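Chemist: Take a look at the letters that make up each chain.
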Amino acid sequence: MSDVLKGNFEPKQSVQAEEKTISTEEKFEREAMKRLGGSICFVSKKKVKWNTPE
Amino acid sequence: MNQRPDAVDSDNPLVRTLVAEMGGRTQEKIIGEGLHNANTNSDYLNRGQSLAALLTEKVGAGDSAIVIAAGPSIATSDPAKHIKAAGYKGAIIATESALRYCLSNEIVPDLVVTVDPRPRLVRWFGNRHLSREQMEADRWFGRAGLDSYFADEMKANEQVTRLVDKYGKGIRLAVSTSSSREVIERALEVGMELYWWNPMYDDPDDPGSVTARLQAANNLPCVNAGGNVGATCWMMASAVLGKKVVAITGMDYAYHDGAPFGLTQHYRELCDIAGEENVGAMFTRFFNPYEQSYYYIDPVYQWYREAFFEMIRDADCKTVNCTGGGSLFGEGIEYLPLTRFLETHT
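Chains as they are written, first to last, in this note's numbering: chain A, 1 to 54; chain B, 1001 to 1346.
Quick caveat, the hints were computed from the structure, so don't treat them as lab data. Values in this document were obtained by computation on a predicted structure and should not be read as measured data.
Calculated pairs, SDA-like style, for lysine to any residue (alpha carbon to alpha carbon, straight line, at most 25 angstroms):
hint	chain 1	residue 1	chain 2	residue 2
1	A	K47	B	D1202
2	A	K47	B	N1218
3	A	K45	B	L1055
4	B	K1029	A	E31
5	A	K47	B	E1033
6	B	K1244	A	S44
Construct all of the structure, not just a fragment, from the sequences and the given hints.
Modeler: Encoded structure:
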């Protein structure tokens, strides 16, 4: 069964997965995006929850 | 005048993506530090009361409240002048960032609110230990609200320290468990009365909710803080104090057209994302028909604005925007000069 899950055929041509290269600029942008945000969370359609559930 | 809430939406796909993802990004950014602070603050919880204690206290007369936040408009609109002239007796709820403005105008708020977990926030209360090197390394305050007061940050810190030393004793502080130890110790040092609460990090009714676990651990009320402290003040007025009419001042969620991008609060991060040469496209220009003026808004403020409109849709109070500018106009918000509001609410 485990062989079936791994794949049960041989492709005619070998397939090379395209390596996703992340440029320094992209990394920098991603880090900048992490820094951008509000002061605290916002939770939709909620006000106050006073009590701890029993 | 009935403006659609989407009147300030951006056409820029990157801006729209940033706004749509801002809630998730904020949660990622905040949750670790907020929960860490909640843990370390457990030593201080017995030095104050639960926010629930406010339910039995009189906080301002009558059924109205005025929120004072520290947006760029307070320098020109000067709400303190009008509030004092009218002898307003309702509740005055201030963001910690507006504490200096209130105290220097001899207004002692009925309630001050703080929520942001970063230690730098202690500067709104006065940081006795601030060095010039620390100040140089963190110029966030110089950009906070474009307040010319912070042009000389060391002098500004000295002044706010003196003011909070003088007037701080007895001021009620609705303090989030996410607040930093620096803020808590400063508040206790001057004798503020602490009222503890948890900010909601997620829906407390969801299975596995972090917020619900936090509440189970410390048994404190959980409040939807709305993304920023101005919105939290509004939530305190409406859902905690039960005020029926809440006026907001200093809540611009925008900058006046012509204000330099470089002095806006999130400029550096927006430059890093879009590049300095493209940063202008990250700001959306819009027309405020009440002021007959143009303003611009960045993606963070746009997210604040959308969250605020969602909050007022579910609110039990009437919201009156007396800021005198900015982006908070639209369905569900009455827009009035503060002087007009004060004619009928004293």
